[in-house]
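A.B. asks: Let chain A serve as the given structure and place chain B on it in line with the hints.
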Amino acid sequence: MKKVFTKPKSLKDVPFHYCPGCGHSIIHRLVAEVIDELGISDCVIGVPPAGCAVLAYNYFDIDMCEAPHGRGCAVATGFKRAQPDKIVFTYQGDGDMAAIGTAETLHAANRGERITAIFVNNAVYGMTGGQMAPTTMIGQKTTTSPFGRRPEVEGYPLLITDLIATLKGPSYVVRHSLATPAKILATKKSIKKAFEMQIKGLGFSLVEVLSPCPTNWKLSAVDAFKFLESRMEKEFPIGVFKDVTKG
Amino acid sequence: MENKVLMKGTNALAEAAIQAGCRCYFGYPITPQNELPEYMARRMAEVGGVFLQGESEIASINMVLGAAASGVRSMTSSSSPGISLKQEGISFLAAMELPALIVNIMRGGPGLGNIAPSQGDYYQATRGGGHGDYRTPVFAPASIQELYDITMYAFDVADIYRTPVVILGDGMMGQIVEPTVCRKRQEIDLPPKDYVLDGAKGRPSRIIRSLILDTFEMEEHNWKLKRKYDLMRGRLPQHEEFMVADAKLVIVAYGTAARIAKGAVKRARREGLSVGLLRPITLWPFPTQAIQDIAKKVKHFLVFEMSTGQMVDDVLLALGGKAQCEFYGRPGGVVPTPMEITRIIGRYWVQKEILG
Numbered sequence: 001m002k003k004v005f006t007k008p009k010s011l012k013d014v015p016f017h018y019c020p021g022c023g024h025s026i027i028h029r030l031v032a033e034v035i036d037e038l039g040i041s042d043c044v045i046g047v048p049p050a051g052c053a054v055l056a057y058n059y060f061d062i063d064m065c066e067a068p069h070g071r072g073c074a075v076a077t078g079f080k081r082a083q084p085d086k087i088v089f090t091y092q093g094d095g096d097m098a099a100i101g102t103a104e105t106l107h108a109a110n111r112g113e114r115i116t117a118i119f120v121n122n123a124v125y126g127m128t129g130g131q132m133a134p135t136t137m138i139g140q141k142t143t144t145s146p147f148g149r150r151p152e153v154e155g156y157p158l159l160i161t162d163l164i165a166t167l168k169g170p171s172y173v174v175r176h177s178l179a180t181p182a183k184i185l186a187t188k189k190s191i192k193k194a195f196e197m198q199i200k201g202l203g204f205s206l207v208e209v210l211s212p213c214p215t216n217w218k219l220s221a222v223d224a225f226k227f228l229e230s231r232m233e234k235e236f237p238i239g240v241f242k243d244v245t246k247g
Numbered sequence: 001m002e003n004k005v006l007m008k009g010t011n012a013l014a015e016a017a018i019q020a021g022c023r024c025y026f027g028y029p030i031t032p033q034n035e036l037p038e039y040m041a042r043r044m045a046e047v048g049g050v051f052l053q054g055e056s057e058i059a060s061i062n063m064v065l066g067a068a069a070s071g072v073r074s075m076t077s078s079s080s081p082g083i084s085l086k087q088e089g090i091s092f093l094a095a096m097e098l099p100a101l102i103v104n105i106m107r108g109g110p111g112l113g114n115i116a117p118s119q120g121d122y123y124q125a126t127r128g129g130g131h132g133d134y135r136t137p138v139f140a141p142a143s144i145q146e147l148y149d150i151t152m153y154a155f156d157v158a159d160i161y162r163t164p165v166v167i168l169g170d171g172m173m174g175q176i177v178e179p180t181v182c183r184k185r186q187e188i189d190l191p192p193k194d195y196v197l198d199g200a201k202g203r204p205s206r207i208i209r210s211l212i213l214d215t216f217e218m219e220e221h222n223w224k225l226k227r228k229y230d231l232m233r234g235r236l237p238q239h240e241e242f243m244v245a246d247a248k249l250v251i252v253a254y255g256t257a258a259r260i261a262k263g264a265v266k267r268a269r270r271e272g273l274s275v276g277l278l279r280p281i282t283l284w285p286f287p288t289q290a291i292q293d294i295a296k297k298v299k300h301f302l303v304f305e306m307s308t309g310q311m312v313d314d315v316l317l318a319l320g321g322k323a324q325c326e327f328y329g330r331p332g333g334v335v336p337t338p339m340e341i342t343r344i345i346g347r348y349w350v351q352k353e354i355l356g
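Protein chains in written order, with my numbering: chain A, 1 to 247; chain B, 1 to 356.
If you are wondering where the hints come from, they were derived from the structure by calculation, not from laboratory data. Note that the structure is a prediction, hence the values are computed from the model and not measured. One thing to keep in mind: the hints can contain errors.
Simulated pairs of lysine-lysine, PhoX-like, Cα-Cα distance not exceeding 25 Å [said to hold, decoys possible]: (1) B:K266 <-> B:K296; (2) B:K322 <-> B:K248; (3) B:K262 <-> B:K228; (4) B:K201 <-> A:K7; (5) A:K188 <-> A:K246; (6) A:K193 <-> B:K201; (7) B:K201 <-> A:K12; (8) B:K297 <-> B:K8; (9) B:K352 <-> B:K297; (10) A:K200 <-> B:K201; (11) B:K266 <-> B:K352; (12) A:K141 <-> A:K192; (13) A:K200 <-> A:K9; (14) A:K192 <-> B:K201; (15) B:K201 <-> A:K9; (16) B:K193 <-> B:K4.
Chain A with its partners taken away, still in its complex shape (with noise of 0.2 Å):
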């Protein structure tokens, strides 16, 4: 019998301990798919961040080591400058790449690090129950911003992927959601085409994820994935922002 779909070999026989319903699951998928489908299994360094995906090292069946919030882009650089043949990727959420993690994140971007960072955004601190994010959007109710979120008092969302694509070290920026499988194939896509830019030594690639928290959005999981196109993806429009293979 022909088999047509299987775990990727780069995540290890290991359920996943997400919410129903939550992205980090599918984009794990993606991301070792990417890395089988590349070849790169044997030569790829992960580095998970604080949060809900800190727990990536149980999935994926690759090296990886944990960083401290936010300094995920900082501990890839170490890696990659020690071993440049080697293929080093963070996986950050919002609160790592866009708030606590800022500095490291925009420096190694602006240093045209050879580095991959897949960010998901989901608008909210996750494990730690639902708090403001630096994406969380105007009017967004969270646990620290109960009366939703005021521009005079909680400021902006920041849109760090916008930010990064002004920079001249980045090889590709983009910005993808998962809200329908054809986006999710379209992330998918982009998730290579960033880890081949990395492979062919053209800096920084940075590809962010709208992803849906169902649980802290208090959304089953079905709305939480309209959520996303009725309102995430207005706030953070989805498209290339940077790509220094296209003229």
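C.D. replies: Using the frame of chain A, we list chain B on its own:
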């Protein structure tokens, strides 16, 4: 005969690191240790190593983490305020059992303080420094030759015990120039680096982490680290004794303060006072046994530090009330002369009615 050259402290330390096989340096500028990264910027290029100026102390120590997990001998250097910023990373290095060298060329503090030599970071260095239940070996050299030799040794200690190691100097140790023999590295047997992440080629994939959610598993990890620290407590302590054999009063001082104290001891001896010096070379583990051995005969100790008094606590712990111990300190970046310390010794001698 080996080649003796005049070397500045920061440069000697950097060259020793290169000779020890350090091939990754990450750091952020701060006075008074800037000559160290400046030396590394040129030298690493010559030996095909990595020099990278990080965007912050925090980024730099985390770059060290990545390079250390790659199996490359790695280091960073800074001065007091910068070392505070590195503490998060040092805690992670200790938790993950990754070897690295962290150099602190101490300056006056707290806060920005000043850029003059000081010893105010003793507690921070010897008590782990960051959060959590850990220690790091701390070396406090007092000459440029010793700084050179200890730097090479520190990388071995880091590899043998899989631990971050701290060299604690001060602005004076960083800046003075002394004749130094640049010895070549003595190769010793080191444990295999079976933790290194270099792509899981022909072996199962590996994880380096510090998150251990299971409390019993975490406790076991804490005890494992403790056993390692106990091993170091037994093996690592180093100290120097100067004119202690017939001493009735022993000065305890480290680093630059010990150099000053040594001058003061010589002066006091000329005045007929039988004074000696004990200089801890390792601050953690502390040479407790050496102090206890001396305290069997000597009943008077005077601790001198360029701080308001930190190491004195370790001396008091070691003495356990078996001898009298006083403290004299000059914090804030003030570097007293040997003459001043001689005066303090004389005053103590008279007050305590120590007979010559």
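A.B. asks: For every hint, state whether the structure bears it out.
C.D. replies: Tested hints:
Pair hint K266 (chain B) plus K296 (chain B) holds up; C-alpha atoms about 23 Å apart against a cutoff of 25 Å. Taking the CA atoms of K322 (chain B) and K248 (chain B), the gap is about 14 Å. The hint holds against a cut of 25 Å. Taken as a hint, the K262 (chain B) and K228 (chain B) pair is broken in the structure, with Cα atoms around 34 Å apart against an allowance of 25 Å. Between K201 (chain B) and K7 (chain A) the CA atoms are separated by roughly 20 Å; this keeps the pair inside 25 Å, and the hint holds.
In summary, the hint linking K188 (chain A) to K246 (chain A) is supported, as the alpha carbons are separated by about 19 Å, within the 25 Å threshold. Distance hint between K193 (chain A) and K201 (chain B) is fulfilled; the C-alpha atoms sit about 23 Å from each other, no more than 25 Å. With a C-alpha separation of about 16 Å, the suggested pair K201 (chain B) and K12 (chain A) falls inside the 25 Å cut-off, and the hint holds. Pair hint K297 (chain B) plus K8 (chain B) does not hold up; C-alpha atoms about 39 Å apart against a cutoff of 25 Å.
Distance check on the hinted pair: K352 (chain B) and K297 (chain B) sit about 16 Å apart at the alpha-carbon level, within 25 Å; holds. For the hint linking K200 (chain A) to K201 (chain B), the alpha-carbon distance of about 21 Å falls within 25 Å, and the restraint holds. Our distance criterion of 25 Å between C-alpha atoms is met by K266 (chain B) and K352 (chain B), whose separation comes to about 20 Å. Pair hint K141 (chain A) plus K192 (chain A) does not hold up; C-alpha atoms about 34 Å apart against a cutoff of 25 Å.
As the CA atoms of K200 (chain A) and K9 (chain A) are separated by approximately 24 Å, the hinted pair is consistent with the 25 Å bound. Among the hinted pairs, K192 (chain A) with K201 (chain B) is consistent with the structure: their alpha-carbon atoms are about 21 Å apart, no more than 25 Å. Distance restraint check for K201 (chain B) and K9 (chain A): the Cα-Cα separation of roughly 14 Å lies within the 25 Å cut-off, and the hinted pair is therefore satisfied. A C-alpha spacing of about 34 Å is found between K193 (chain B) and K4 (chain B), which places the hinted pair above 25 Å, so the restraint is violated.
Hint check: violations occur at hints 3, 8, 12 and 16; the rest are consistent with the structure.
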